[in-house]
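Novice: Chains as they are written, first to last, in our numbering: chain B, 71 to 314; chain X, 573 to 902; chain C, 397 to 761.
These are computed hints drawn from the structure, not numbers from a lab.
Hints should not be assumed to be uniformly reliable.
[Said to hold, decoys possible] Simulated restraints, written as ranges between beta carbons of each label pair: (1) X:Ala588 to C:Phe521: 25 to 31 Å; (2) X:Arg777 to B:Glu160: 55 to 61 Å; (3) C:Ala720 to B:Ala144: 31 to 37 Å; (4) X:Arg800 to B:Arg90: 41 to 47 Å; (5) B:Asp276 to X:Arg777: 55 to 61 Å; (6) X:Pro898 to B:His303: 54 to 60 Å; (7) C:Arg528 to X:Arg777: 37 to 43 Å.
[To be verified] Part of the chain B face toward chain X, derived, beta carbon under 10 Å: (8) Ile88; (9) Asn161; (10) Glu172; (11) Leu175; (12) Ser240; (13) Pro241; (14) Val244.
Just so it is clear, the structure is predicted and the values come from calculations on it, not from any experiment.
Don't be surprised by glycine CBs; every beta carbon is placed ideally from N, CA and C.
Chain by chain, the residues:
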Amino acid sequence: MTAGNDAILRLQGVHTDIGRYRILHGVDLAVRRGRVTMLLGRNGAGKTTTLRTIMGLWRARQGQIIFDGQSLTALETPHIARLGIAYVPENMGIFGKLTVRENMLLATAPRGFAQPYLDRVLDSFPMLKVKWDSAAGSLSGGQKQMLAIARAIIEQRRLLLIDEPTKGLSPAMVDQLVGALLRLKAEQTTILLVEQNFRVAEAVGDEVAVMDEGRVIHTGAMAALAGDDTLQHRLLGLSMAAAL
Amino acid sequence: MKEDWRNHMRRWAPYALTPLIILAALPAIGAGPWLTLTVAGLTMGIMLFLVASGLTLIFGLMDVLNFAHAAFVTVGAYVTVTVLRPLAGWTMQTSLTLNLIALLVALIAAAAASGALGFVFERVIIRQVYGAPLRQILITIGALTIIEQLVVVIWGPQALVLPKPASLRGSVFIGSSPIETYRLAALAVGLAVALAMHLFLRRTRLGLVVRAGVENREMVQALGYHIRRVFIGVFMAGTALAGMGGMMWGQYQETVNSQIGDSMTILVFIILIIGGLGSVGGCFIGAILVGLTTNYVGFLAPKMALGSNILLMAAILLWQPRGLFPMAEH
Amino acid sequence: MTPAQQFVRRPPGWLSWIVSDDPPGRIGLNVLMLAILLALAFAPFLFPGTKALGVSARICIFVILVASYDLMLGYTGIVSFAHTMFFGIGAYGVAIMLAKGWVGWGAVILGAAAGAAVAAVVAAFIGMLSLRLRAIFFSMITLAIASFAQIVAEQWRNLTGGEDGLTFSVPAVLRPSFHLFAKPVFGVVVNGPVITYYITFVATLILFLLMLRIVNSPLGLVLRAIRENEFRVEAMGYQVVAYRTLACVLSAVMAALAGALMALVLRYNGPDVTLSFSLMIDILLMVVIGGMGSLYGAVIGAIVVVLAQYYLQNVLAMISAAIAGMPVMSALFHPDRWLLWLGIIFVLIVTFLPQGIVGRLRSRH
């Protein structure tokens, strides 16, 4: 990856422990402004931990995380969020007892909904309009995922961290979601996207970073990886091949 | 269709329980005392709600069960005695306005004192034991002992009298049922506080953050909110509400001793278990249920009043093992 | 072998067998435990007088009560507030038998056995119903059940004597008027209360060693594993709820037997002496001060708190007399405020010494 000065997020030698377990062993990663960077790798490679460490939900024991010239390493999660980083966790983090509207409202600035953003989001996810005042817990899995992503883009963000959005979704839902991600990509949104579904990765990714055993073992253009079967097989093994 | 109907039943049954008990009590007790007892039960319920709601929110938000919550009830009651003593001139006159002003001053003072103590308590005691349930129980029980003993050091071991203001003594009659004036006033105040709390939780951004925090603390932080600051605020509000409950309860009993909070602890726990830990709505219904049961059974079989609440709890647990309105597990 | 254990001199074989290969630990603690054992064994002669005898008996009974509570709290990680209920059930078992007019050893034994059996059944019932819930839920439910038991004891006058309790006669051998020897032994008249004390002491010793057996058995290992990580134990195929329930039942039976001894010693039983919530707080104080997860801690905790209850008041009286002039200070040191000081010690221990006195003495750092 040509990680020049246009990298908005840069991880250098990040080590993270969870309890007694060492999960990340020196992650180096750069996310370029306005691009979609895919974070691929086998289960347990450390992808989720990387996202959580960026968000400050786990603490890096060692190493640097620089966001737009500012170090995140010592900041608390709320600070990091307020810098304009939105996080969509693997479990989506939906508040089931709150309505769809309240879930969205939580993610807005204190002034409340900004009309242009709200229009854009409801345009992308028309389903939300229908369910606006329903409890979010009553939504289907796919609808919850839409809500989670809608919530992430209800304000101007500088970086989206999205963890396996297609996990457990029906093929039709995956297509809808890919459509939404492509729209974000067209708007030059910067995204760091963890994905197990290679087809999705191929469709939306500009850059790719592959992790294994707590390190980044490959970076480059998504298209290059997609076109090189041998490399794919070597880096991702059978788990990804199965998704093809 | 049939399944749908059953789901509705299941959803609404917890709400129907209170009206059902009120109606069932009517033939058992007879119309005359029934109205008196119902008002008494609602009043007791609303006072218990003030105390229990703070505890349930604190638990829901931070997974902290504060066994010393009752101590803030005691502190609120004693502060009321201290505040109302110099205001005796206002409370002894039959002017309703002066009486109410004095009570309002006492209510604010009790809430402020308990809330301030709550702030210190969170810093000194609670902060050390987040995520350690065993040590939480132990340390808050130790703190309960200390606060109760300090209350005795400050206010002395003997029970103190706390006469009701002149214009709130006696009863009014609705039909042939006598209803104590103070109970009506306490009911009004309690409902006003409960309504304010409801509006705060439903209509404000901070209330939204609190409700979201009860469900998923981590996501609330990832959305940019400092949950620790929110929690200190909720902890202070919860202890302030306990202080208010203590003020109203002490004023109702007209006497205050250092066990006033303890006597409430078990009822408050029963309410939390009935309602579902962490649920404010469940807490409200649980409190009203306990208040009504205590008064109805207290009339029918005086010895069974407290015991009946424990039986009520057991019955509800057999029906709904996690309470009437269970919250998501963290 | 952990580094700490390398410094422990192994006691000879039979002694090690008696303490289930789980000696108190480092040399200082061994000496302390031996001193306590000897002091309790010869208490009637070392500390003559009715009050001292009462204190010694109380210490013995609380050693059982606290050790059995530690079986749940320290070894299995369950916080129950119903322990006094089981204590009370045992005490009422003996008290009711004797108060109903049948005064004899049969009544005592039958009462204790009935108490233990009822305690076991109640504990099994509570355990199976509520131990699958979250820990905090269980604690709150046991608190409610314990207060229900207290209400029942206060209201069921025909059986329990209500709030007044039951005063009864014990078998003739245990009465003050009975003298075992014609002459005093080492200046002490060996009368009924002294015999009662020795029954209590021997029972305590046996039950304590039995509990030491339990916690060092494979069962005890499973219980400790549950405390550390219940999910892993569940995943290994153990029925966590069943094991927890078993811990509760064992603990309840021990508490009931302690209650039976209490009734014999006091020749009286009522809700205040065996069922009150303040008694439950005392037990918690003892477990925490002594050190959770170590039965020897129960011994230390029981001694420290019982002595404090009887003698801290005297110390406070001296202090408050010395500072009589200072208004707030003299109130703080009023003899009746001993609970305040115990509460402060309790919070400090939970904060700074979570492993308690014995836990501290057993570990190197």
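Novice: Now look at each hint and say whether the structure bears it out.
Specialist: Going down the list of hints, with the structure as the test:
1. At roughly 30 Å, the beta-carbon separation of alanine 588 of chain X and phenylalanine 521 of chain C lies within the given 25 to 31 Å, and the hint holds.
2. Between arginine 777 of chain X and glutamate 160 of chain B, the C-beta spacing of about 27 Å breaks the proposed range 55 to 61 Å.
3. Between alanine 720 of chain C and alanine 144 of chain B the Cβ separation comes to about 55 Å, which falls outside the hinted range of 31 to 37 Å.
4. Separated by about 26 Å at the C-beta atoms, arginine 800 of chain X and arginine 90 of chain B break the suggested range of 41 to 47 Å.
5. Judged by the Cβ atoms, the range 55 to 61 Å given for aspartate 276 of chain B and arginine 777 of chain X is violated: they are separated by roughly 36 Å.
6. A beta carbon spacing of about 48 Å between proline 898 of chain X and histidine 303 of chain B contradicts the range 54 to 60 Å that was offered as a hint.
7. Between arginine 528 of chain C and arginine 777 of chain X the Cβ separation comes to about 38 Å, which falls inside the hinted range of 37 to 43 Å.
8. Proximity of isoleucine 88 of chain B to chain X is violated relative to the hint, the smallest CB-CB distance being about 14 Å (cut-off 10 Å).
9. Given hint, asparagine 161 of chain B at the interface with chain X, holds; its Cβ is 9 Å from that chain's nearest Cβ, closer than 10 Å.
10. Checking glutamate 172 of chain B against chain X by beta carbon gives a least distance of about 6 Å; that is within 10 Å, so the hint holds.
11. Because the beta carbon of leucine 175 of chain B sits about 7 Å from the nearest beta carbon in chain X, less than 10 Å, this interface hint is met.
12. Because the beta carbon of serine 240 of chain B sits about 23 Å from the nearest beta carbon in chain X, more than 10 Å, this interface hint is broken.
13. For the restraint placing proline 241 of chain B at the interface with chain X, the shortest Cβ-Cβ distance is roughly 28 Å, beyond the 10 Å limit, so the hint is violated.
14. Given hint, valine 244 of chain B at the interface with chain X, is violated; its Cβ is 23 Å from that chain's nearest Cβ, farther than 10 Å.
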